[in-house]
Every structure is written in structure tokens, then in C-alpha cells.
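Novice: Following the hints, put chains F, S and W in place on chain L, whose structure we already have.
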Amino acid sequence: MVVDVLYFAWLRERIGQPRERIETEAATVRDLVDQLAAMDDWHAAALSDLSAVRVAIDQELADLDARIAGAREIAFFPPMTGG
Amino acid sequence: MVVDVLYFAWLRERIGQPRERIETEAATVRDLVDQLAAMDDWHAAALSDLSAVRVAIDQELADLDARIAGAREIAFFPPMTGG
Amino acid sequence: MSARVQTEPFDLGAEIANFGAGAGAVVTFSGLVRDEGGRLVALEIEHYPGMTEKALDTYGRMAAERFGLSDWLIIHRHGRLDVGAPIMMVATASRHRAAAFQGAEFLMDWLKSRAPFWKREITLDGPGEWVDAVETDEDALSRW
Amino acid sequence: MSARVQTEPFDLGAEIANFGAGAGAVVTFSGLVRDEGGRLVALEIEHYPGMTEKALDTYGRMAAERFGLSDWLIIHRHGRLDVGAPIMMVATASRHRAAAFQGAEFLMDWLKSRAPFWKREITLDGPGEWVDAVETDEDALSRW
Numbered sequence: 072m073v074v075d076v077l078y079f080a081w082l083r084e085r086i087g088q089p090r091e092r093i094e095t096e097a098a099t100v101r102d103l104v105d106q107l108a109a110m111d112d113w114h115a116a117a118l119s120d121l122s123a124v125r126v127a128i129d130q131e132l133a134d135l136d137a138r139i140a141g142a143r144e145i146a147f148f149p150p151m152t153g154g
Numbered sequence: 072m073v074v075d076v077l078y079f080a081w082l083r084e085r086i087g088q089p090r091e092r093i094e095t096e097a098a099t100v101r102d103l104v105d106q107l108a109a110m111d112d113w114h115a116a117a118l119s120d121l122s123a124v125r126v127a128i129d130q131e132l133a134d135l136d137a138r139i140a141g142a143r144e145i146a147f148f149p150p151m152t153g154g
Numbered sequence: 343m344s345a346r347v348q349t350e351p352f353d354l355g356a357e358i359a360n361f362g363a364g365a366g367a368v369v370t371f372s373g374l375v376r377d378e379g380g381r382l383v384a385l386e387i388e389h390y391p392g393m394t395e396k397a398l399d400t401y402g403r404m405a406a407e408r409f410g411l412s413d414w415l416i417i418h419r420h421g422r423l424d425v426g427a428p429i430m431m432v433a434t435a436s437r438h439r440a441a442a443f444q445g446a447e448f449l450m451d452w453l454k455s456r457a458p459f460w461k462r463e464i465t466l467d468g469p470g471e472w473v474d475a476v477e478t479d480e481d482a483l484s485r486w
Numbered sequence: 343m344s345a346r347v348q349t350e351p352f353d354l355g356a357e358i359a360n361f362g363a364g365a366g367a368v369v370t371f372s373g374l375v376r377d378e379g380g381r382l383v384a385l386e387i388e389h390y391p392g393m394t395e396k397a398l399d400t401y402g403r404m405a406a407e408r409f410g411l412s413d414w415l416i417i418h419r420h421g422r423l424d425v426g427a428p429i430m431m432v433a434t435a436s437r438h439r440a441a442a443f444q445g446a447e448f449l450m451d452w453l454k455s456r457a458p459f460w461k462r463e464i465t466l467d468g469p470g471e472w473v474d475a476v477e478t479d480e481d482a483l484s485r486w
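Protein chains in written order, with this note's numbering: chain L, 72 to 154; chain F, 72 to 154; chain S, 343 to 486; chain W, 343 to 486.
Chain L extracted, bound-state conformation (with noise of 0.2 Å):
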């Protein structure tokens, strides 16, 4: 499957770009997070500790453990701080 992955704040600055379209054969986010983080450095610092990382899928919360079979959006990004 390919979904859009996108990050925010300083997720979004570490990996150094806002969105990119990812093929994967995932099965959670947890196992997204793992084929992202192989990818480059960025990436796997911005992922190395995942406390410190929110997630959605089609801009709904979720967690490490959702599925994301049919997701089209997989969004990462730092506790919110809203308000």
C-alpha cells in the first residue's frame, strides 16, 4: 500500500521535509515507524524515541499499536501544545 506520511513541528525539522508518499507493507504504525526510521539518519533520530511522538491516522489520534490497513495519511508529530 502507499500512504502520505506527514510531520510536524520539530519532527517535521529533523526529518527536513513536510510530507512524503511512502510504500509500505506495514502492518501498524509501530512497524511503519521502524521501515521510516531505516530509511536515513534523519529520520531515525527524529524517531529514536518514541515518548516524545504523537500519531494520526487520517487525521484521527491513535496509537503505536493501530492497524493502518486502508489508511491514506499517517501523520507524526510532538505532544501537542495548543491553547
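There could be a bad hint or two in this list.
Which chain F residues stay away from chain S? Per the calculated CB distances, all over 10 Å, these [said to hold, decoys possible]:
1) Val74
2) Gln88
3) Arg101
4) Ala109
5) Asp112
6) Trp113
7) Ala115
8) Glu131
9) Met151
10) Thr152
Computed cross-link-like contacts, EDC-like style, restricted to lysine to aspartate or glutamate with a CA-CA straight-line distance of at most 16 Å [stated by the list, open to error]:
11) W:Lys396 x L:Glu144
12) S:Lys396 x F:Glu144
13) W:Lys396 x L:Glu131
14) W:Lys396 x L:Asp129
15) S:Lys396 x F:Glu131
16) S:Lys396 x F:Asp136
These are computed hints drawn from the structure, not numbers from a lab. Ideal Cβ positions, reconstructed from N, Cα and C, are used throughout, including at glycine.
Specialist: Below, chains F, S and W without anything else, positioned relative to chain L:
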């Protein structure tokens, strides 16, 4: 001593005046209530249910057993309903 | 840091335009005259001039000290207030939101049960009943 | 009953001028950029277009249902916001004050920890650190 006695809301209406000057030997608010209630039927009716009456001595909330020595202004009114 | 009692309407937006400069959080509460299912046309609000101003100022200072408010404002109207009209407002400013919210709720609980205001209903037939105090308002005070 | 995400400033007074008609109680919260002891000149706020609007709408509906709000409004800005500028506001309207206060606090707790906004500090030297999430904000959610 002489005190100004003030009435508000339905107490004012039942007694028929907003304030009156009273010569009293009362030691406490309760004593003053007894004196006022003995004046006429209107006072008696207005002050018959003390659970529905609040008191301020010189513009500070007080209770029925508060002493009134030195007070210049004693007000009687129903429970407050501001806001 | 001020309290006002007035017959005139107030403009909440204008009141807080320069309120709480430097604060991170501003909370406002405004109370409006409800129509009570069409039964009311207005409220008539009586107060105890002199005591009211002192009471509001005292409660404002209590809230500021207790919650570390950087600013506070209380405005309460009296006289005849038509349905939909603003009756009163409070505003609180603080560094963080929790203190601003708590300060505003504290002020409202004190105002409702301890400030010398009395409301009477005005219906199509003219002046009606005095509004009864609500027991939950008295209870609300006990949480502080 | 609406949520907006925008770069432009908003005027709280104008926003609530026709807000919550018929309600007895209106609560507002506004968040402003603090100078943090003179260290900051601005905040830069990033968000997740698409998800943000959905999230705010969802939290507004949750609050309305849970607290019986007759009206609610959420406005959150993004982009560069100078010290003293309004960042966001919520407003809630209800028959009685307790629901309006609780609805506003509930919305703020959800917004702070669950709406996709990120703040970065801008100092005299230019873009600085991303603001860390505060643990008490996450904890605040658990009370609901």
C-alpha cells in the same frame, strides 16, 4: 442608643418603608428583632421567619446573635440573589 | 482591579480590551436576563448602596490573593434589566488558565450568595415575585 | 456552535455580541502570548490543517452534549503571534453558570493536549525552542 434600621426587597415592602431610626437598648440583633416585631403587625409579619432573614451591621454581614453596641446602621434583607 | 455597580449597560469587549496586560489567561463570566420560557419581560434588581461596593471589592481582593490573579474586574448592574440584557460580569487574569478559571468561579459563588443584590421578576402583568435564593448557590460556597 | 482556525486576530467582544442568545450564563477564556520575563518577542504556531478543524469541532460537540451548552465557539490562531496578542478563545453558553464554566474548562483541557497545534518561541535572536508539553495539561484531561 439610636440606630438606623434598613430593609431591602420584600422585607422593605412588607414593612412599608426602606429605613427608620430606632431608639433601642437591644444588646444583640435578636433583641432588636424582638423590639421591632413588637412595634406593629407589619414588622411582626416581615420578621416572623428569621430563617429567611439576613442581617448586616454597618454594612458587614452578621448573625442574629451578634452584639450591636456601637452600630450605626443595621440592615435586614432576604437571602441575596445577585449574579 | 476594580468593582463597579451601575445602572448602565456595559460592553464586555471594551471592558477587557486593556484588561490583564501581560497575563497568559483571561476568563470572563457574564450573566444575562433569561426569559424563563417567555414568562419574564425584565428583572428589577435592588441593592444596598455602600455595602455592595465594599462587598465586591472585598471579594475581588480575596480572589486575587487566593489565586494569584494579576487583574480582576467586577461589574454588576441594578435597576430594570430587560430580557437578554447583561446583568453582571466578572473577569480574571492570571499567568495560567487554572487560576483564572478558579478565580472567576470563586468570585461568582461569593457574588451570588454574599453580595447584597435582590432580583424581582417583571412579567407582562407588572412587578411579580422576588426571586428565591437557590440552595445550590449557598452550597457552592462551601467548596472554597 | 462553530470552530475556526485562522491567522487573523479576533475581537472577543464582537465574537460574543450575538453569542448564546437566550442563555443565562456565558463564559469566555482567552489565551494571550506572554513575554516570559522579556525573553520572547513572539510565538510561531504550527497546526495540522484538516485535522485541526475536525478535532475542534469534535471537542465542541462533546462539550455541548456533556454539559448541555446552548452555544459554543472556539477560535484558534496560527502563524506568528506577537507578545500580548490573543492566541485563542473559547466561549460557552448555558442556562446556569456551572455548566458554562465546566464546558469552557473541558474545552481548554482538550484543546491543550489533543488539538494539533505546536508552539515555537521566537526570541530576539530569531526562532528558538519548540514549547514542551506540560505534564499537568495531560493530567488535567483525566478529571473529565
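Novice: Mind listing which of the numbered hints don't hold for this structure, in increasing order?
Specialist: Hints 8, 9, 10, 16 not satisfied by this model.
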